[in-house]
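*Asks:* What follows is each chain in one-letter form.
There are 2 protein chains.
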Amino acid sequence: MRIGGIEAGGTKMVCAVATDDGTLLERVEIPTRTPADTVPEMLGFFKGKGIESLGIGCFGPVDLNPESETYGYITSTPKLAWADYNIVGAFQEALGVPVGFDTDVNGAIMGEAVWGAAKGCRNAIYITVGTGIGVGVCINGEPLHGLVHPEGGHILMARQESDSFEGCCPYHGCCLEGMASGPAIEKRWGKPGRLLQDKKEVWELEAFYLAQAVANYIMLYSPEKVILGGGVMHQEGLLEQVQKKVVDMLAGYVHHPMIEKHIESYIVHPALKDNPGILGAVYLGMRAYQNVQLETNEVSE
Amino acid sequence: MRIGGIEAGGTKMVCAVATDDGTLLERVEIPTRTPADTVPEMLGFFKGKGIESLGIGCFGPVDLNPESETYGYITSTPKLAWADYNIVGAFQEALGVPVGFDTDVNGAIMGEAVWGAAKGCRNAIYITVGTGIGVGVCINGEPLHGLVHPEGGHILMARQESDSFEGCCPYHGCCLEGMASGPAIEKRWGKPGRLLQDKKEVWELEAFYLAQAVANYIMLYSPEKVILGGGVMHQEGLLEQVQKKVVDMLAGYVHHPMIEKHIESYIVHPALKDNPGILGAVYLGMRAYQNVQLETNEVSE
Numbered sequence: 001m002r003i004g005g006i007e008a009g010g011t012k013m014v015c016a017v018a019t020d021d022g023t024l025l026e027r028v029e030i031p032t033r034t035p036a037d038t039v040p041e042m043l044g045f046f047k048g049k050g051i052e053s054l055g056i057g058c059f060g061p062v063d064l065n066p067e068s069e070t071y072g073y074i075t076s077t078p079k080l081a082w083a084d085y086n087i088v089g090a091f092q093e094a095l096g097v098p099v100g101f102d103t104d105v106n107g108a109i110m111g112e113a114v115w116g117a118a119k120g121c122r123n124a125i126y127i128t129v130g131t132g133i134g135v136g137v138c139i140n141g142e143p144l145h146g147l148v149h150p151e152g153g154h155i156l157m158a159r160q161e162s163d164s165f166e167g168c169c170p171y172h173g174c175c176l177e178g179m180a181s182g183p184a185i186e187k188r189w190g191k192p193g194r195l196l197q198d199k200k201e202v203w204e205l206e207a208f209y210l211a212q213a214v215a216n217y218i219m220l221y222s223p224e225k226v227i228l229g230g231g232v233m234h235q236e237g238l239l240e241q242v243q244k245k246v247v248d249m250l251a252g253y254v255h256h257p258m259i260e261k262h263i264e265s266y267i268v269h270p271a272l273k274d275n276p277g278i279l280g281a282v283y284l285g286m287r288a289y290q291n292v293q294l295e296t297n298e299v300s301e
Numbered sequence: 001m002r003i004g005g006i007e008a009g010g011t012k013m014v015c016a017v018a019t020d021d022g023t024l025l026e027r028v029e030i031p032t033r034t035p036a037d038t039v040p041e042m043l044g045f046f047k048g049k050g051i052e053s054l055g056i057g058c059f060g061p062v063d064l065n066p067e068s069e070t071y072g073y074i075t076s077t078p079k080l081a082w083a084d085y086n087i088v089g090a091f092q093e094a095l096g097v098p099v100g101f102d103t104d105v106n107g108a109i110m111g112e113a114v115w116g117a118a119k120g121c122r123n124a125i126y127i128t129v130g131t132g133i134g135v136g137v138c139i140n141g142e143p144l145h146g147l148v149h150p151e152g153g154h155i156l157m158a159r160q161e162s163d164s165f166e167g168c169c170p171y172h173g174c175c176l177e178g179m180a181s182g183p184a185i186e187k188r189w190g191k192p193g194r195l196l197q198d199k200k201e202v203w204e205l206e207a208f209y210l211a212q213a214v215a216n217y218i219m220l221y222s223p224e225k226v227i228l229g230g231g232v233m234h235q236e237g238l239l240e241q242v243q244k245k246v247v248d249m250l251a252g253y254v255h256h257p258m259i260e261k262h263i264e265s266y267i268v269h270p271a272l273k274d275n276p277g278i279l280g281a282v283y284l285g286m287r288a289y290q291n292v293q294l295e296t297n298e299v300s301e
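Line by line, the protein sequences give chains A and B. Heads up: the first sequence is residues 1 to 301, going by the numbering used here. Heads up: the second sequence is residues 1 to 301, going by the numbering used here.
Please keep in mind that the hints were generated in silico from the structure rather than gathered at the bench. Watch out, some of these pointers could steer you wrong.
No distinction is drawn between identical chains; accordingly, a pair holds when it is met within one copy or between any pair of copies.
What the hints assert, rightly or not - In silico lysine-lysine, DSBU-like type, Cα no more than 35 Å apart, as pairs:
1) K47 / K200
2) K119 / K191
3) K187 / K245
4) K273 / K261
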């Protein structure tokens, strides 16, 4: 059985075809332009590939409420060409297969929970640290939705004492994304992170903000696994600094061997390397297929 | 059908008998001393009342993992007489009925979700602000557990610029409990909150910390309802100040009419007044009864 996946991002659209054990058969990256330009090219990739369903893990904000009239839409994004765009409808209509839909980060955590570092966990989180910061959350084996969807990259933060940077988030200033995203690093230090690899103070401060957020996520979600991905996490040694600081910041309050003894296997990189997002999208497609099967069975019974 | 409930606190043990529609028939408060003193008195209350099951919402930390050898224990609490005490075992053995078990705040949110302000919500949170601060979380209709249980009262906070108080949490200093609990108010201002009711600056600052935490909870859990209870929340006007500041702090980032237009019915007091904890415990007892019925049916099928 073949399933399609789309990891829809503001810069590129990753499209793939995979088998239902999570093996990628084909994968392309298409630059994100306008829907009128980009969607036909994406459809061209999927046509004739015999996919039984499709999953989309999408940049947000998106409408995930199945009861809503705008379910499956990208809503109020600053990427104006995509605002109020019915991305689920467009692919469902053109491909005629069931379409699963969630945020990009909820897709990624589900990919890691099914095939990656959080395999076997009921509760786990995936944090991507790149152009933006997003948090995907799996609770009881399901992606977390509520009033809307979690926006954990924007939690308000305590500034480090010596840090006078005001933060680059236009909404919150000193939120996690405002203090620790790729653009925040570039704005604070005057050049992008990849040109600052040897500057110890850059990564010390970066680890301070990431650890503060992760400590809070641990106290709030009580995850069995914490996965840190995204471009910024490629910096050598950063993950280890975050691990150490999280233990320091929790200060012995949360008692568990994973925190007290095995932090290096508790806060980890994605096992799916650069593919948690696209494999997560494939998993969303699998679920959409299964849901249709369940509904069909219920009707026929 | 009659169900027993225990809201186990560090100061008092609330014990009650209720019907399965959440009507309290009888309710007593027993001062918390040592288990040897207190538990027999509690058992005395329940004996002969014909309860079919019992629920316990307990101060923490507790072991909620059914696979664990110490499931049902209070674990490393500073209340030393209760550390490593098998509270579930004690009542199960003496009363011979199924016992449901969770944290006090998870009990409280389930009480509010079934019979109170969060009725009909799949996702909701209950924050108690008193001697300590605790957060109970209901996700998809279930209390949230994970690696351990959530400890949302201890999330790390940004200090308000003019506030030099170091925080009274012995673990974290400037966490929510350290900055905004009843003891934090007393330590910062030199007298307890009930003697500070007319001091505007006290409640302005209190609202700042509570709102910062609630804004983060909203971004992380995406709850459909936020309930603020506990002794400190009895201060007149405090809830309204928190509502206003949460909207300011979210800064238009989370789009939803509940936040943008109906904040007064989104962040609310408990509908169960002073009884969310004990009614939540009753609900935990109901679930324990139902689970036993389900298991019996499965075996007999």
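*Asks:* Please name the hints from earlier in the document that this structure breaks, with their numbers sorted from lowest to highest.
*Replies:* 1 and 2
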